[in-house]
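Participant: Now for the letters of each chain:
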Amino acid sequence: MKNTIAERIFDFLKDYPPFNLISKETLLEVSKSVEIQYFEKDQIIFNQNDTPHEHFYIIYEGAIRLYRFVDNEKHNLDICDEGDLFGLRPLIMQESYLMGAAANEETILYGIPISLFNSIILNYPKVSQFLIASFATNTRDPFSDKHKGKLFANVSSIQKIENSFAETQSAKYSKNPITCNVETSIKEASIIMTKHIINSIIVAKDNIPIGIITDKDIRTKIGTGIFSILDPVSKIMSSPVVTFPEKITVAEAQIALLKHKVSHICITKDGTDQSELVGILAEHDLNILQTNNPMFLVREIKYAQDAETLKHIRTKASELTKGYLEQEIPIYFITKVITEINTAITKRIIRLAVKELGQDPPVAYAWLAMGSQGRSEQLLMTDQDNALVFENVEDEDYERVKEYFLKFSTIITQKLNIVGFEYCPANIMASNPKWCLSLKEWKAQFKDWVKHPTSDKILLSIIFFDFEYIFGDKELYNQMSESVFRYISKKQTFLGFLSKATLDNPPPLGFFKQFLVEQDGENKDHFDIKSRAIRPLVDAARIFSLHHSLKVNNTIARYEKLMEEEPQNKDLFESCANAFKILLQFRTSQGLANKDSGKFVDINNLSKSDRLKLKSCFKPIKNIQDSLKIRFNVSQIP
Amino acid sequence: MFKWFTYKTYPEFFKTYLKSFKEKQPKSIEETRFVVFDTETTGLDLANDRILSIGAIAINNNIIEVADSFEIYLKQDAFNAETVEIHGLLKDGNLIKTTEIEAIEQFIRFLGNSILVAHHAAFDIEMMNAALKRMKLPKLRNKTIDTGILYKKLEGKKENHFNLDVLCTEFNIPKHDRHTASGDAYITALLFLKIISKLKKERTVHYSDLFRTSNHKGLI
Numbered sequence: 001m002k003n004t005i006a007e008r009i010f011d012f013l014k015d016y017p018p019f020n021l022i023s024k025e026t027l028l029e030v031s032k033s034v035e036i037q038y039f040e041k042d043q044i045i046f047n048q049n050d051t052p053h054e055h056f057y058i059i060y061e062g063a064i065r066l067y068r069f070v071d072n073e074k075h076n077l078d079i080c081d082e083g084d085l086f087g088l089r090p091l092i093m094q095e096s097y098l099m100g101a102a103a104n105e106e107t108i109l110y111g112i113p114i115s116l117f118n119s120i121i122l123n124y125p126k127v128s129q130f131l132i133a134s135f136a137t138n139t140r141d142p143f144s145d146k147h148k149g150k151l152f153a154n155v156s157s158i159q160k161i162e163n164s165f166a167e168t169q170s171a172k173y174s175k176n177p178i179t180c181n182v183e184t185s186i187k188e189a190s191i192i193m194t195k196h197i198i199n200s201i202i203v204a205k206d207n208i209p210i211g212i213i214t215d216k217d218i219r220t221k222i223g224t225g226i227f228s229i230l231d232p233v234s235k236i237m238s239s240p241v242v243t244f245p246e247k248i249t250v251a252e253a254q255i256a257l258l259k260h261k262v263s264h265i266c267i268t269k270d271g272t273d274q275s276e277l278v279g280i281l282a283e284h285d286l287n288i289l290q291t292n293n294p295m296f297l298v299r300e301i302k303y304a305q306d307a308e309t310l311k312h313i314r315t316k317a318s319e320l321t322k323g324y325l326e327q328e329i330p331i332y333f334i335t336k337v338i339t340e341i342n343t344a345i346t347k348r349i350i351r352l353a354v355k356e357l358g359q360d361p362p363v364a365y366a367w368l369a370m371g372s373q374g375r376s377e378q379l380l381m382t383d384q385d386n387a388l389v390f391e392n393v394e395d396e397d398y399e400r401v402k403e404y405f406l407k408f409s410t411i412i413t414q415k416l417n418i419v420g421f422e423y424c425p426a427n428i429m430a431s432n433p434k435w436c437l438s439l440k441e442w443k444a445q446f447k448d449w450v451k452h453p454t455s456d457k458i459l460l461s462i463i464f465f466d467f468e469y470i471f472g473d474k475e476l477y478n479q480m481s482e483s484v485f486r487y488i489s490k491k492q493t494f495l496g497f498l499s500k501a502t503l504d505n506p507p508p509l510g511f512f513k514q515f516l517v518e519q520d521g522e523n524k525d526h527f528d529i530k531s532r533a534i535r536p537l538v539d540a541a542r543i544f545s546l547h548h549s550l551k552v553n554n555t556i557a558r559y560e561k562l563m564e565e566e567p568q569n570k571d572l573f574e575s576c577a578n579a580f581k582i583l584l585q586f587r588t589s590q591g592l593a594n595k596d597s598g599k600f601v602d603i604n605n606l607s608k609s610d611r612l613k614l615k616s617c618f619k620p621i622k623n624i625q626d627s628l629k630i631r632f633n634v635s636q637i638p
Numbered sequence: 639m640f641k642w643f644t645y646k647t648y649p650e651f652f653k654t655y656l657k658s659f660k661e662k663q664p665k666s667i668e669e670t671r672f673v674v675f676d677t678e679t680t681g682l683d684l685a686n687d688r689i690l691s692i693g694a695i696a697i698n699n700n701i702i703e704v705a706d707s708f709e710i711y712l713k714q715d716a717f718n719a720e721t722v723e724i725h726g727l728l729k730d731g732n733l734i735k736t737t738e739i740e741a742i743e744q745f746i747r748f749l750g751n752s753i754l755v756a757h758h759a760a761f762d763i764e765m766m767n768a769a770l771k772r773m774k775l776p777k778l779r780n781k782t783i784d785t786g787i788l789y790k791k792l793e794g795k796k797e798n799h800f801n802l803d804v805l806c807t808e809f810n811i812p813k814h815d816r817h818t819a820s821g822d823a824y825i826t827a828l829l830f831l832k833i834i835s836k837l838k839k840e841r842t843v844h845y846s847d848l849f850r851t852s853n854h855k856g857l858i
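In order, the protein sequence lines correspond to chains A and B. In this text, residue positions in the first sequence follow our numbering: the first is 1, and each later residue adds one. In this text, residue positions in the second sequence follow our numbering: the first is 639, and each later residue adds one.
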């Protein structure tokens, strides 16, 4: 008979160890006997020393706290999250619970009857292996490399890798290199190398490296006619090979290459030439690593002669971001580097545009960036938001001057588009006559927005009040930003309007502390991290900064500045800055992983500790929004 | 006299059902077996529309037990049975369908004297009663709880009248298998546990409170 509920439980269980090791039929049977239990926050599931239940538990939703009393003192041992298993060991050992378990938040548990599971343990050796291993190491998933051997999974993911110097990074090498044996003819070996587009081949016996031949050997020993192409590779190979163990740092690799005057190092299991081959590291691998540093990229940008070259450099910058994130380098630093690169690219494009027009700008101007580039928070390729301001000119010159700057801006936006910055769908670009204005016009514009904050003007204020100087005459930019502060200080209710607009994005926690995920459409079950979590923090920082006339755009810098301005609210602003850093990091790593803007996060694909970390960011959002509400009298805004 | 006469003509399962109400009824939430159920029907007309499927799951001691659940699909007289066979029973060929009589009998056996729980319960119960009437049987005897009404007992929710979708969003219940009888029954069961737990947080909940409608005292 059909059992829809059991099928749904099966769908959940099948993704988590050890249930992923069980056949479909068996797991479906298990699903039919599951008990579903709901626990409120702090409700106890079992106490330490209780006799074991008939079920063990897997968390469907929420989180469970495991604790233990030692000498009347309570120690929290771990927090388990969705998909984690607990309360199984005492059932198998037939002993009482060694620790207590309580709901850390509202939680739904699936109880799985031990009576059914006992036969599974007997029939599936992999399941019992999993359980033995997990009992022994205390990690929840001993098969995952990431947490191997660590006592508690969460602890290890919180600890950061401190060193960020390239020299102490582990060097990347090619795994499973192509090999041939000593009898292979040079001709055959060359054919293999050509086919795989490699510049070396390792000569091995039973996967133990004996020697190596490289392009150079073929050039110097075959091309010169010393050996015949039908000779075996053993005649020309370099032997023995230089070997190293798997954990080789960049510095060690560089030294080894220099010392032995070789271009390749064989990576073997134990690091000697008597053990199994696992990889090959070429001089070339190290060069790539070095050219991928920001200084090098910025230098390359300066010499780029066209947008296509800049595009190539920008792609390398993406790689750099990825590497930084993997090494858990602070996000503040990463955004700075990427913003530097983006700014350098924009500057180079502006110079190229002047060259292309063959005519210098008629008057002074400044190129401005808006939105995330304006706030120096751009990590991924996002849309371009930009504008241009030019010096006030006499009425009779206006047409001519504006015509030049529009043409100029069009070339720039086209080139930025080639590099990979998509055109702004709302056409907020300097090539739009509305956003290519004289200083006088900008000031009038801003004054109107602040004075008459209709919803469309509020939206524009949010975008434009994060403008940042990129290139040109900085004085024009200074005058623009001073005018904004002046108008706002005269009309503080404007900030109330801005606050009201951002409060339309409520904190992303639902009633039962779960993520509010999208319910429909392509992004169903995805969490919109940009509009639900990042934007509210960005908006709040902007409003408080405008209130204090702070001339900073970067959200983290804004919160840091605000901590100085309002020492009484230091904790609040600090928590917002921290939350923002974490969220930005998430968005970026998601974006890189999925090759998109990272706007949507697939909650189901996040690791458990990541989910907890993400959830912890939501409280500051609620606090800062509450604070906005009170400070700027939002209730009085129509 | 007449009443006694009809009683004798009732089928055995229904006699057992009626007898079970003479047993002592539990007095606390923990001791009670709640049967959360939902029906899918061909429409909203009590006289002409029919039940397509019944889904139900029991809650004992605040635990939803998948092993104690019920799911059945009904054959439809309105369709030509032969045509359905030729077309391979539409999309889901694996579904075993039973007659209305058989389905109602099985459901009554599953239900017993438990407390019935449904979202906007009145309609589902009337559909059941209509089916019972066609079998020449009296109405359901069970006490019922409407999660829609239970929700209104929460502080500040008095005036709200919400469908299951809206409440799922408020209580963060994933909307899997919406609009299948079993899926909706399961969702309603979670909703029931969550409302009860929230009610308990707000005040002392007496067992009898559950059955009171918000406007007037007495049973639903």
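Treat the hints as calculated values from the structure; they're not laboratory data. Everything numeric in this text was worked out from a predicted model, so none of it was measured. Please note that a few of the clues may not be correct.
27 Å max Cα-Cα, derived DSS-like pairs, lysine-lysine [claimed, not checked]:
#1 K316/A - K247/A
#2 K74/A - K735/B
#3 K32/A - K795/B
#4 K41/A - K790/B
#5 K187/A - K216/A
#6 K813/B - K530/A
#7 K599/A - K790/B
#8 K646/B - K14/A
#9 K322/A - K172/A
#10 K216/A - K172/A
#11 K795/B - K629/A
#12 K813/B - K622/A
#13 K619/A - K665/B
#14 K774/B - K615/A
#15 K551/A - K629/A
#16 K646/B - K774/B
#17 K615/A - K836/B
#18 K713/B - K619/A
#19 K530/A - K551/A
#20 K665/B - K774/B
#21 K551/A - K434/A
#22 K336/A - K599/A
#23 K2/A - K735/B
#24 K836/B - K41/A
#25 K355/A - K434/A
#26 K187/A - K221/A
Participant: Indicate, hint by hint, whether the structure satisfies it.
Facilitator: Hint-by-hint comparison with the structure:
no.	hint	in the structure
1	K316/A - K247/A	25 Å, holds
2	K74/A - K735/B	56 Å, violated
3	K32/A - K795/B	36 Å, violated
4	K41/A - K790/B	23 Å, holds
5	K187/A - K216/A	15 Å, holds
6	K813/B - K530/A	24 Å, holds
7	K599/A - K790/B	37 Å, violated
8	K646/B - K14/A	51 Å, violated
9	K322/A - K172/A	14 Å, holds
10	K216/A - K172/A	23 Å, holds
11	K795/B - K629/A	24 Å, holds
12	K813/B - K622/A	26 Å, holds
13	K619/A - K665/B	41 Å, violated
14	K774/B - K615/A	56 Å, violated
15	K551/A - K629/A	23 Å, holds
16	K646/B - K774/B	13 Å, holds
17	K615/A - K836/B	22 Å, holds
18	K713/B - K619/A	52 Å, violated
19	K530/A - K551/A	24 Å, holds
20	K665/B - K774/B	32 Å, violated
21	K551/A - K434/A	24 Å, holds
22	K336/A - K599/A	20 Å, holds
23	K2/A - K735/B	10 Å, holds
24	K836/B - K41/A	11 Å, holds
25	K355/A - K434/A	25 Å, holds
26	K187/A - K221/A	13 Å, holds
Figure legend: structure checked against the earlier numbered hints; hints not met, in rising order: 2, 3, 7, 8, 13, 14, 18 and 20.
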